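Top to bottom, those sequences are chains A and B. FYI, this note's numbering numbers position 34 of the first sequence as 34, with every residue one higher than the one before it. FYI, this note's numbering numbers position 117 of the second sequence as 117, with every residue one higher than the one before it.
A portion of the hints provided could be inaccurate.
[Stated by the list, open to error] Output of the computed footprint for chain B on chain A, the stretches with three or more beta carbons under 8 Å from beta carbons of chain B:
#1 375–381
#2 405–417
#3 442–456
#4 474–484
The hints are simulated quantities; they were obtained by calculation from the structure and are not laboratory data. Since the structure is predicted, the reported quantities are computational estimates derived from the model, not experimental observations. All C-beta atoms, glycine included, are put in the ideal place defined by N, C-alpha and C.
2 protein chains.
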Amino acid sequence: MDSSRKPSAGSGGDLPADELRSALRRAADLAADYLEGVGDYPVLPPLAPGELAAKLPAAPPRRPQPMDAVLDDYRELIEPGVTHWNHPGFLAYFAISGSGPGIVGETLSAALNVNAMLWRTSPAATELEERVCDWLRQMVGLPAGFRGHINDTASISTLLALAAARHRLPGAAIRERGMAGRVDLPPLTVYASDQAHSSFDKAAMTLGFGLEQVRRVPSDDAFRMNPAALAASIAEDRAAGRLPVAVVATVGTTSTTSVDPIEEISAICARERLWLHVDAAYAGSAAICLELRQLFAGWEAADSIVMNPHKWLFTPVDCSVLFVRDVEQLVSTFSLIPDYLQSAEQGVTNLMDLGLQLGRRFRALKLWMVIRAFGVDGLAERIREHCRLARQLAGWIETEPGFELAAPVPFSVVCFRAVPPGSPEEQDRFNERLLAEVNAVGPIFLSHTRLRDRYVLHAAIGNIRTTEEHVRQAWELVRDVAGSLRP
Amino acid sequence: MDSSRKPSAGSGGDLPADELRSALRRAADLAADYLEGVGDYPVLPPLAPGELAAKLPAAPPRRPQPMDAVLDDYRELIEPGVTHWNHPGFLAYFAISGSGPGIVGETLSAALNVNAMLWRTSPAATELEERVCDWLRQMVGLPAGFRGHINDTASISTLLALAAARHRLPGAAIRERGMAGRVDLPPLTVYASDQAHSSFDKAAMTLGFGLEQVRRVPSDDAFRMNPAALAASIAEDRAAGRLPVAVVATVGTTSTTSVDPIEEISAICARERLWLHVDAAYAGSAAICLELRQLFAGWEAADSIVMNPHKWLFTPVDCSVLFVRDVEQLVSTFSLIPDYLQSAEQGVTNLMDLGLQLGRRFRALKLWMVIRAFGVDGLAERIREHCRLARQLAGWIETEPGFELAAPVPFSVVCFRAVPPGSPEEQDRFNERLLAEVNAVGPIFLSHTRLRDRYVLHAAIGNIRTTEEHVRQAWELVRDVAGSLRP
């Protein structure tokens with residue numbers, strides 16, 4: 001090995017070809033070893049804040065270091081120091097997966113390293129993205145008019161949708177004229193349920209709507225947006241001279257995976273001429289299962305829909321698909337072509353026209369590999385199994401004295417709590433301790449949320465490696481720890 | 001192999017462990033083969049629009065397909081169908097690299113698949129990101145107060161900076177109150193040179209400033225922002241009752257890599273109390289070379305600086321580092337913590353607080369591997385060599401009759417044009433034909449821009465595999481094609 005790594009004829013300034021190949025092969029084996037053994041780690045690493053940082057040199061190395069030394073450090077310091085999202089006992093938040101085919105896709109995408117901003121800068125990345133998004137559209141049963149493209153996160157997909165809604169306002173010309181200092185522009189309001197994701201608020205802050213113009217519409221006992229309250233809120237804003245712009249309805253909210261009544265909301269949006277954005281970032285994948293599709297009834301009337309294959313379709317982060325009914329709405333909101341990016345091809349998609357970010361990774365590759373390697377039926381089967389496991393867990397909880405379900409279980413997330421004798425505040429503290437002690441054991445990581453101001457445990461079954469055994473283990477651990485905490 | 005891929009005990013619903021390992025190994029070899037042979041491809045794939053799409057099934061497969069079949073298709077359809085950004089003859093736009101250590105990092109990042117939104121959701125990803133960004137800060141000579149974090153793109157990094165600038169406006173409270181329908185808020189203006197990147201305009205559109213409030217300050221003969229014109233533009237806006245918010249100065253503009261006079265601009269920003277954001281997305285890496293650091297003089301006075309390791313630091317897309325002088329400005333702009341993401345750790349960084357997107361890939365891993373594998377001196381040496389090659393190309397152009405340099409060459413981009421006899425319009429058409437014919441040959445891909453409304457060729461030397469031989473080949477090709485086009 002040439003330790004100084006002067007540029008050589010074959011690989012230019014990159015690693016010499018043989019060292020590069022052996023590092024890539026070792027990375028492949030490290031990844032395979034990791035996935036085989038990840039279940040042996042505690043899900044949460046036993047690290048105090050700053051403990052890892054203290055092991056990392058304060059200054060960068062001046063001289064090159066052999067990849068084998070770098071990978072040794074990776075294995076010793078980094079791998080054991082992450083929270084293991086790919087662990088079958090990871091049941092927190094939304095449990096996601098970097099599946100094998102997706103990891104393969106990311107390796108190759110990094111090797112190609114294309115920036116698919118223009119068709120010309122990567123025809124295959126552009127056309128595969130269009131094709132794979134259309135596969136996904138078919139898989140979830142959306143009409144042919146919907147056109148999908150891939151963003152990094154649902155935070156961005158939702159921001160793009162709300163920006164398009166803002167752009168569409170008749171006479172507002174916000175792209176050109178902006179929002180500040182205009183006497184012709186009233187406050188602009190946006191609506192979602194009190195269960196909607198925080199990315200809605202962040203988009204509203206960023207786009208200049210302002211948090212005071214964000215309406216969090218009350219939800220019902222099953223945490224679904226109350227359409228009458230939505231209509232009343234819109235009417236109140238109109239009466240006060242404000243201008244309603246858009247509604248975000250959620251299929252699969254973050255705390256409980258509740259489902260907003262899309263059909264009623266969409267009727268309100270049509271009547272009021274509001275943009276309807278459906279946030280199905282997590283649950284959208286479940287529309288692949290025909291028996292679950294009724295939960296999505298009405299979403300085909302939306303102006304835009306976000307679903308994240310990196311959540312529940314076994315695709316490594318990041319991969320968020322934004323479907324829009326009229327892609328021209330996005331193009332007119334965002335397209336802006338400087339001289340240095342003018343290109344001659346006619347009738348092609350230039351993905352940079354569809355959003356904010358110019359740079360675009362080749363994310364379609366991993367999604368294509370995931371869909372092909374598992375097949376649509378195989379994906380449906382896995383999602384179905386996750387829902388079955390969640391129902392099973394919910395059943396155990398329902399029949400266990402001293403526990404209660406905190407919300408219905410439409411998909412694969414179970415919210416529940418222990419209900420020991422005592423005040424609600426004492427119960428909250430009990431559940432908080434319960435969660436901390438369960439998570440400290442190691443094999444299981446649950447998260448929490450608050451529902452109607454009560455502290456609630458949240459178990460999400462979504463990782464491709466999670467089996468009935470892990471869910472059973474989680475439940476037994478929760479029950480045992482709760483038993484030990486009770487006086 | 002279990003072709004139906006029912007969930008099994010070992011890997012849950014993922015590929016069986018042996019198939020997964022062999023797919024990862026094949027991907028490693030495909031990546032290594034690609035990098036060894038990429039120079040044999042034409043840089044631009046010989047594909048017509050729709051030609052690849054026609055080869056992809058219109059509907060997704062119902063049944064799983066073996067990874068070997070998927071990878072065969074990858075090899076046959078996708079790899080030859082991309083524009084080869086990793087080709088040593090890629091001299092268009094900014095030439096980027098997915099280097100070996102970076103590809104290794106992406107493989108492992110996909111296998112870990114962490115979402116580093118909270119310290120708790122991945123201590124190692126959070127602490128490594130902080131450490132590696134601090135390494136980078138030291139490498140480019142920024143003072144210790146600057147704190148870096150990684151975004152996907154400079155489009156987002158610049159948007160975050162301008163959002164923080166907007167948030168800081170005294171009394172404006174835009175996060176809470178928004179921008180529309182307010183009599184107390186005048187039009188808000190932002191400034192950059194006529195050479196600044198289009199992401200500045202997209203950020204201004206998105207944040208609700210509006211394109212009419214975007215001031216494109218004229219640049220001088222060397223394409224550097226004219227500070228007197230900036231001051232005059234600010235004064236004019238103030239006189240008209242508008243409120244200036246921020247200036248974006250660029251070190252390394254997209255067309256010519258010109259360098260705005262940061263010290264003078266920063267004095268104006270200080271006097272006018274404007275946020276100064278420095279866009280060094282491409283050229284920032286060059287500050288690693290001490291002899292180039294004078295081009296960055298004054299940037300330490302900026303409020304924020306963006307530099308993209310995925311541009312000229314051999315790191316696969318995406319990796320954009322935003323340095324801010326006062327991280328609290330970002331946190332107060334963006335932090336918003338829902339119940340389900342409350343966490344107990346004190347004194348830690350939760351990366352989600354620093355920006356718009358909740359989901360965060362483990363991008364620090366690849367950057368750490370790149371810095372270690374090449375070393376700071378090795379990185380400087382590669383960047384220095386690219387600048388040397390650019391000066392050499394510029395020298396050849398200057399001494400060649402019938403050609404002229406179109407801009408100074410401070411870094412590694414050369415803008416030039418053929419100047420055959422004829423009107424400026426005829427010359428433009430000649431250069432357009434020249435570019436098309438050069439790019440059609442195969443081994444070289446150049447791009448173009450417009451400077452003072454003239455069509456100009458743009459050669460960027462930045463890929464880690466590019467050597468003197470490739471630059472010489474490019475120049476000979478340009479000269480030969482130009483000769484054949486002359487009557």
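Now for the hints, and whether the structure bears them out:
Requiring three or more residues with a Cβ within less than 8 Å of a Cβ of chain B, the coverage given for the segment 375–381 of chain A holds, as 5 such residues are present. Counting residues of the segment 405–417 of chain A whose CB falls under 8 Å from any CB of chain B gives 0; the rule of at least 3 is not met. Counting residues of the segment 442–456 of chain A whose CB falls under 8 Å from any CB of chain B gives 4; the rule of at least 3 is met. Chain B is given as covering the segment 474–484 of chain A, and this is violated because 0 residues of the stretch bring a CB closer than 8 Å to a CB of that chain, at least three being needed.
The earlier numbered hints that this structure contradicts are 2, 4.
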